[in-house]
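Peer 1: Sequence order for the protein chains is C and G.
Heads up: the first sequence is residues 0 to 399, going by numbering that gives the first Met the number 0.
Heads up: the second sequence is residues 0 to 581, going by numbering that gives the first Met the number 0.
Simulated from the structure, these hints should not be mistaken for laboratory data.
Please read these numbers as outputs of a predicted model, since none were measured by experiment.
Warning: the hint list may mix true and false statements.
Listed next, the in silico EDC-like pairs over lysine to aspartate or glutamate satisfying Cα-Cα at most 20 Å (straight line) [claimed, not checked]:
#1 G/Lys580 / C/Asp28
#2 G/Lys281 / C/Asp260
#3 C/Lys2 / G/Glu463
#4 C/Lys2 / G/Asp458
#5 C/Lys2 / G/Asp565
Here are the chains, one letter per residue:
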Amino acid sequence: MHKLINKYICKLEAQGLAKRDDALLIALDAGMFSNRPLTGELSVLKDVLSLMNISSILFARPAEPYWSMIREVLSHAGGADSVVPMDCETRTFFHDIPVIDEFSPQAIASALSRRKSAIIRDRGIVTYGTVTPEQAYVSFSSACFSVYVKYFHDALQYFGAHAANSEKVSKEYLAAFKDISKKADTASPPRKWRVLRSEPPCNEDDVLFMITEAGRAVVSQQLVDSYFGNISYVFDKNIYISQTGSSMDELEGCIDIVPLDGSSSAGITASSELTAHRNIFLHTGRTAILHGHPRFSVIMSMYCKKSGCDRSLCHKACTEKREILATPIVPGEIGTGASGLMNTVPPAMQEGKGVIVYGHGVFTAGDVTFRGPFDMLMEIEEKCRASYFRAVNDLLEHLS
Amino acid sequence: MTVIEYPKGPKCYNNCMSGYTGKSASIDLTTQKISIFETPDDLRTKYLGGRGIGVAMAGDRTAEEYNAPSMPLIFSAGPLVGTSAPTSGRMSVVSKSPLTGTIFDCSVGGRFATELKKAGFDLIEITGISDKWTAIEISDDGLSLTEAEGLAGMNISELSRVVGTEGSFAAIGRAGEKGVRFASIIIDGHYAAGRGGLGAVMGAKKLKIIKVRGSGKILVYDSEGLKNAREDIMRLLRASPAVFGEFGLSEFGTAALVDLIHARRMEPTDNFRRTFFPDSAKYSGYAMKTGYQTKKAGCAGCPVLCKKIGAEGAVMPEYETVSHFGALNGCGDLKAIVEANRICNDYGIDTITAASTIACYAEIRGIEAGPSEMLSLLSAIAEKKGETGATLAEGSYRYALSQGRPELSMSVKKLEMPAYDPRGAYGMALAYATSNRGGCHLRAYPVSHEILRKPVATDRFSFEGKARMIKIAEDLNAVVDSLTACKFLFFAAGLEEFSKVLNAVTGMDHNVQSLLAIGERIWNLEHTINAANGFDESHDDLPERFFAEEGSSGAAVRIPPINRKDFLKARENYYRIRGYKT
Ligand SMILES: [Zn+2]
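Throw the hints in and build the complete structure from the sequences for me.
Peer 2: This is how it looks when you write it as structure tokens:
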């Protein structure tokens with residue numbers, strides 16, 4: 000158990016989600032294990048465990064910029080008792096994130112009895128697991144991701160609304176925005192293009208190497224939230240694809256080999272986007288396919304000036320032909336279904352080598368190796384980041 | 000319990016209650032008396048419905064033998080049944096198992112539960128023993144008993160033709176009539192309350208069939224809320240590879256698991272002597288889909304439709320069935336497996352126990368049964384024909400014991416284990432042992448995380464943390480069976496979403512933890528009932544084979560025997576977490 004606890008504490012730190020000293024992870028088997036002594040205030044978390052039928056709990060103050068973002072989002076939420084994520088992935092799996100004021104076992108247990116994570120005002124985020132501590136880590140990471148997307152998305156809306164009405168933006172809001180943008184910039188990983196293998200694979204081992212190498216690169220460049228995302232390579236009548244719920248940075252032993260003719264259902268454990276990956280290959284013939292959730296691509300995909308739409312339907316029913324700097328944006332729900340991205344992404348992929356899915360993430364495809372798709376993923380995210388701040392600057396200029 | 004004499008009762012007793020009809024019925028076949036009573040409020044609050052209420056009502060009456068007149072047989076629907084909640088068409092059948100001697104419940108689909116609720120009943124309880132074969136008919140107008148001597152001797156397919164397609168029916172075939180210890184109750188011709196021999200309980204009562212047809216409406220407290228909660232679940236289902244993925248349950252049925260369990264080298268083969276069967280691709284989900292041109296079918300209110308029916312009407316076997324008539328009996332002949340499934344269905348016997356009993360017989364006799372002998376043994380068992388048929392109709396444990404080889408019955412608490420070898424998933428090993436109805440994969444279904452990676456993947460070759468995982472999952476599944484929802488949905492959604500569904504349907508105020516507390520209460524009640532009937536720690540164990548023999552290692556996967564010390568330590572942890580030991 001100690002090994003597992005340490006693993007996720009290290010991941011929190013490596014992903015810039017929380018500092019080791021600000022995080023507490025408790026796991027239960029027959030005994031109780033934690034990364035810090037459960038004295039003083041921390042005993043509250045121990046008491047939460049006794050109130051709930053769970054096996055682990057994680058409490059941490061998120062690192063910057065997340066912490067400042069949470070405070071800003073809450074300060075403009077007018078005392079709302081929950082934060083509703085904007086991005087589709089978080090909304091599908093997490094619905095909303097309750098906010099509580101009281102650092103008491105009862106208040107925390109009550110919030111976690113309804114949702115997978117909760118924000119404790121002025122203190123941090125608390126999450127839990129019923130199977131392994133990994134669930135607590137994933138929920139924590141997803142909460143951070145969704146707040147990141149929500150903060151920048153809301154800010155753009157805020158500036159846009161003020162510009163439209165020629166209203167002055169509040170000084171405090173602007174100061175906080177500048178401060179958070181700077182913190183976000185400092186916290187993002189150094190933008191060096193990582194060089195991936197460029198030779199075509201000769202055998203299965205090469206394919207597995209290429210996939211694990213690319214997966215690690217995607218995580219180290221923070222192009223996914225926690226480790227969600229998926230990756231595939233078509234080789235010798237099979238599609239090699241990451242398994243559902245696998246860590247993109249630990250894909251060894253977590254790659255399914257699925258015959259393209261559908262003759263084996265051993266791929267039932269493959270990524271939920273298996274069909275999307277296969278359809279991209281069938282539509283375009285490209286063999287190396289990457290899918291991540293880079294943040295500014297997600298944010299910008301939802302930035303649409305068209306009015307009069309029911310915003311709750313955009314992610315699955317948008318009919319506009321939209322793009323950001325030549326990269327198409329399509330609607331598409333996770334997984335199967337008529338409005339599933341398995342149907343919307345592949346045709347859009349014919350035009351270029353990358354597609355953004357509304358409120359969700361980016362697919363890129365290339366031939367031979369992952370070098371092209373990875374560079375493309377980085378490039379799309381860079382473009383979206385630049386266009387986000389350009390859009391903000393334009394709005395602010397308009398106002399001054 | 001307020002008992003009101005039939006037939007005075009109004010259609011709905013408790014108008015303010017949404018989700019429940021508020022009305023239940025008790026039928027004594029000895030006296031032929033029918034009583035209508037209010038579904039007890041405190042049972043609803045404490046045990047929800049389905050399995051929970053059924054177990055609570057059966058309670059200490061299970062101290063008697065399964066064929067005692069006082070033994071209740073309970074058909075219990077849940078609060079979600081009859082509403083638009085996803086997979087809301089299920090119910091639990093509860094009694095004492097003739098096979099295991101434990102309290103026993105089977106979750107079963109089809110249309111029965113929906114019709115029962117629409118006819119105005121949350122549950123019906125049957126006691127007593129009739130002189131003659133009897134049928135119960137339930138409709139909006141009430142319940143009635145009729146003589147059914149004319150139906151005696153009929154198997155399920157013939158009954159289906161006689162009964163027709165109106166409404167729904169639960170019936171036994173000839174195996175139930177003859178008291179085969181693992182006879183099943185079949186709903187609507189092919190949904191089985193399969194395990195544990197509840198068909199023999201029904202047969203002991205001389206009850207051949209229950210027909211039900213209802214047209215009422217189930218009140219929903221907050222239909223807008225239900226719509227939203229339903230959509231949350233549907234979104235998760237669409238995102239789930241195991242459910243709606245291209246190889247998922249919706250496409251291939253549970254037989255989708257054949258290839259996966261094969262690849263993990265944990266498919267029970269030759270009575271669990273091996274864990275790898277080279278011929279399994281011959282009866283995989285893909286082989287069935289292409290070979291039989293299957294289409295989707297399923298229970299009332301189900302969006303998944305995991306049942307597969309061939310173009311010519313043949314019902315495709317479930318994963319457990321296909322693997323046990325396949326690998327477990329060394330048979331790669333899909334036609335024979337489909338036929339074996341048909342025979343089991345028609346006579347009404349549990350496929351898992353039947354296949355495992357034949358495999359046990361083959362090992363003890365030192366033979367390989369082969370497809371045609373397998374099929375003729377099956378009919379002999381179902382008819383209790385000859386000495387072999389009659390002894391095998393007692394299940395593998397009693398048979399093996401009679402041959403002086405009890406260790407070759409691959410069972411826990413005399414219930415044969417399904418098609419996941421415990422050497423390939425240690426959570427499964429522990430869950431087989433602790434299961435309070437015997438060798439069952441569904442009480443905790445650790446296959447979900449050990450093999451299907453949901454909600455997260457765990458190390459299948461480790462006991463670390465498994466004791467608590469199993470405990471929580473046992474509580475969770477007790478809730479699922481009481482709601483009454485389908486376990487497959489829980490590959491994708493959880494109680495977080497289902498508590499919203501339940502609240503919208505009933506107006507209750509539940510959350511994940513309050514529901515798990517109910518699950519724990521149900522589990523502990525079952526444990527107490529079993530303990531009172533003589534079950535103890537010594538029954539929470541696996542056959543010796545799994546601690547002594549290596550499975551079929553290969554392809555960079557080693558399937559060693561389970562380390563007994565580690566197993567016992569995990570079991571000890573489990574008892575401590577449950578509070579059974581300090
Ligand atoms: Zn995605």
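Peer 1: Check the structure against each numbered hint from earlier and tell me which ones fail, lowest number first.
Peer 2: The structure conflicts with no hint, since it agrees with every one listed earlier.
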